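Chemist: The residues making up each chain are set out below.
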Amino acid sequence: MDNNNNQPLLRLEHIGKEYYGNRVLSDISFEINPGEIIGLVGENGAGKSTLLNILFGNSVIHSTGGYDGNIYLDEKLVHFTTPHQALAAGIGMVHQEFSLIPGFSATENILLNREVLNGSLMSYVFSERVSTLDRSEMHKRALTAINTLGVNISPDMLVNEMPVGYKQFIEIAREIDRKNTRILFLDEPTAVLTESEAEILLSALKKLARSGIAIIFISHRLSEIKELCSRILVLRDGKLITDQKSEDLTLRQIASLMVGRESLRKEEKLIEDIPEQPVEIGDINETLDLGQKPKKKKKKKPALKVEHLWVDMPGETVRDVSFEVMRGEIFGIGGLAGHGKLGIPNGIMGLYPAGGKVRLFGKRLTLNRPRVALNRKMAFVSEDRRGVGLLLDEPLDWNITFTAMQNQGRFLLGIPYIFQVRNEFAMAKEAQKFIDALGIKCTGTSQKAGELSGGNQQKVCLAKAFVLQPDILLICEPTRGIDIGAKTLVLDTLKEYNKEHGTTIIITSSELEELRSVCNRVAIVDEGRIAGVLPASSSAEDFGMLMMGQNSNFVGGEEVNTNEKEGENIA
Amino acid sequence: MIRKFFDIVANNAVPAIFILISAFAIPLSGFSASYLVQELLTRIGRNSFLILSLLIPIMAGMGLNFGMVLGAMAGQIGLLFICDWGVVGIPGMVLACLIGTPIAIVLGIFCGHILNRAKGREMVTSYILGFFINGVYQMVVLYLMGWVIPITNPTLLLSRGYGVRNAVSLMGIRGVLDNLLPTVIAGTEGAKQFLNVNGANTYLLLQIPCLDGAIRLPLATFIIIALFCAFIIWFRKTKLGQDMRAIGQDQGVSHSSGIPVNRTRIIAIVISTVLACYGQIIYLQNMGTLNTYNSHDQAGMFSIAALLIGGASVSRASIANVFVGVILFHLMFIVAPMAGKNLIGEAQIGEYFRVFVSYGIIALALVLHAWKRNREREAARRSMRGDK
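Protein sequences appear in the order of chains S and P.
In terms of the working numbering, the first sequence is residues 1 to 571.
In terms of the working numbering, the second sequence is residues 1 to 388.
Quick caveat, the hints were computed from the structure, so don't treat them as lab data.
Please note: incorrect hints may appear among the correct ones.
[What the hints assert, rightly or not] Keeping only pairs whose Cα atoms sit at most 27 Å apart, straight-line, the calculated DSSO-like set for lysine-lysine is:
#1 P/K119 <-> P/K4
#2 P/K237 <-> S/K140
#3 S/K239 <-> S/K487
#4 S/K448 <-> S/K429
#5 S/K301 <-> S/K239
#6 P/K119 <-> S/K179
Keep in mind the model is a prediction, meaning the values are calculated, not measured.
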């Protein structure tokens, strides 16, 4: 460690940020010393990205009114308004998505826009950009950067021919090549890596830190954070909850700090309110047996059985998912954004290319055909309310009856296949029924769907699904973008519908508390796979552990890390 | 393995089809080899420069620059002025280039700015932009010339006193570049005949005994084209060229690494437009007549068709594609009418074929491009799926 000057490399004082009056960060203060590795953890929306954006001078921050507080680099006040200023000051950033040019070699990518140039007369006459590149010198510099990481990648390899893991190394090599890089931000660098690749990366990072570079590491894999980082910062709701040495924290403690203790008690109360329902907890491998079995009832067949499902939904890729949902159950799917929870219902309904086996009441469901899925009496409420869910410029009665009309031939007059017209009267009657039942606030059935508030639009979406009289209802993000009052209403509606009709409901939501308050069981998706399925009554901590990539193999505390040695061998 | 084979076929399908068509049509046309070679050499000299001007925007990821007609119009305005002033020969051509360059630069900057506002839809935008600028060009040539812009030569003007005639003779510069270094390739017999007709001392004579007949080689034009190719090769090695390649593949990444994306794209279009201006001047000095109102129209469409026939795609094109394309495209033009006549007694079929093929090939290339890009995206995401 290069700590001789005894002053922190980077110091943050009372950093805060508001987006349009919505506070996302408040009073964040910490410091980083040279050669230190800091782990930054928090749920979605905890403020990690905002903090990084501030430190890296992203234009989003500046264009929305800047930030509060001060940042000191080498005890000098700095204020970055563009990423280029941050880069010049020695801050390097490795993004979650690869920012590499696919058709370029490793060398070309590492030295992108910092190419070594041959001097020439032309460059004096015009500009530097007409000088030719010094390929051999570039090759040397790329090799040096790659070697610093301790990996073996040919500098001439094209990026689009590389395994995913290599790309991550190239990104880091690019930051290292910048002579003045002293602080490196890594935003979920291991999310796309295999286990062994991740290990190589971790040891490479340790090696980098020894050379004096400070690292801020964001990951949702807690065991990695614990292994790599000397200090761990936990963010929750825009506040710095803890800043402790990683030895002083157990994985379980971190998880519970992230999800938050205060909200826990509130939830526990909510859970008590759930009426007991005749549900059989399936004998599923992933189910964590926490000894909280519900009352046994007569054996029921699963309503939906999913085996090895993959879904190619951009940004929400599902890799390999298997689970069962019982008849009459409310099943929740939770997990962090981008890990594939939304991909599952979208894939089952046929909206994105999918593969694997899905059985509906024992019978195989043809994938990739939305019409087939609808005909099998499944209904879907999309997370994209305005894009997929509603015909914004059409009246409510159209919206509510549209899918039923298209797929079940209802609300039509005339002779099928020959001549049919809409039965406006029946449509309006049906729509009015749901407007009354769900309490949709509108001027009447002929109001345009686009004119309603978010909560009421969501109710229209639900009504549209209810009209189909489905056996299984798949609902994505039922409460996204609607206010708290409307949230409870929507959730209560779902519960009631389930109770009255015995409909199986699958809810996908980013809000764990919400899932725990409505569902019987909740599956947590992590990196495109099911990390585990827990009864809703399980503790928030247990859910947090699953979300953070800690599988069922933890036993309430520390995990022994056997991987470190292997990792170094591979490196 | 099958995928790879499929890729090779998909990448080379267009040139392969043309080679096949030519292989049938050449014997049917009954043309002699020396006639075909002569025609091809002339057309390579005539068209290559125009087609080469398309390469740089493709490198910068802006697709086929349909906006090259802007450059062609600039060149034509230069030519109109030298015709009016009566400047002939090489000085005339140089002057036409000098007049055309600033116009082409201004049009290029204009085009570049517009294309920067229409990212991802460069091709259709530049195509429509071509129509728009054509309107401006027609206004200048048809109404302003001879009225606001002084044109004194009455043979250029319409009888009403302003506006330029449709057919303008370029006798003053006709063939001046092609014949600057007069060269003939001929067999022993052919050489004798040629010298008898044309006189001895003015031609550089290359004798190749096995040839029959004599072939004129536009050497100076070829040298200019070779210099242009050298320029492109050098350009690719420069920092600017590297930046353009980076932008062509991913603008977001390039921007975040500090490359001035918009400025570089404008530079690419300006270079292309200026070169198209020179290309059109070279093309017209070979033709010898200027169709004031349609010469430029065809320049863009046929150049793009030729490049695509050479195996280029919307995102990838090389110098080799240019020459393969010029040869195949024009070989078909030369032989198709004659083959059509010998086959069905109808020469019109060749002309029909020419237009049909040009537009067809561009449509095919655009479809192939979209299809390939989707397939690549899907392949890129496939790795994210489950293990099976």
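Chemist: Taking the earlier hints as the rules, which of them does this structure contradict?
Modeler: 1, 5 and 6
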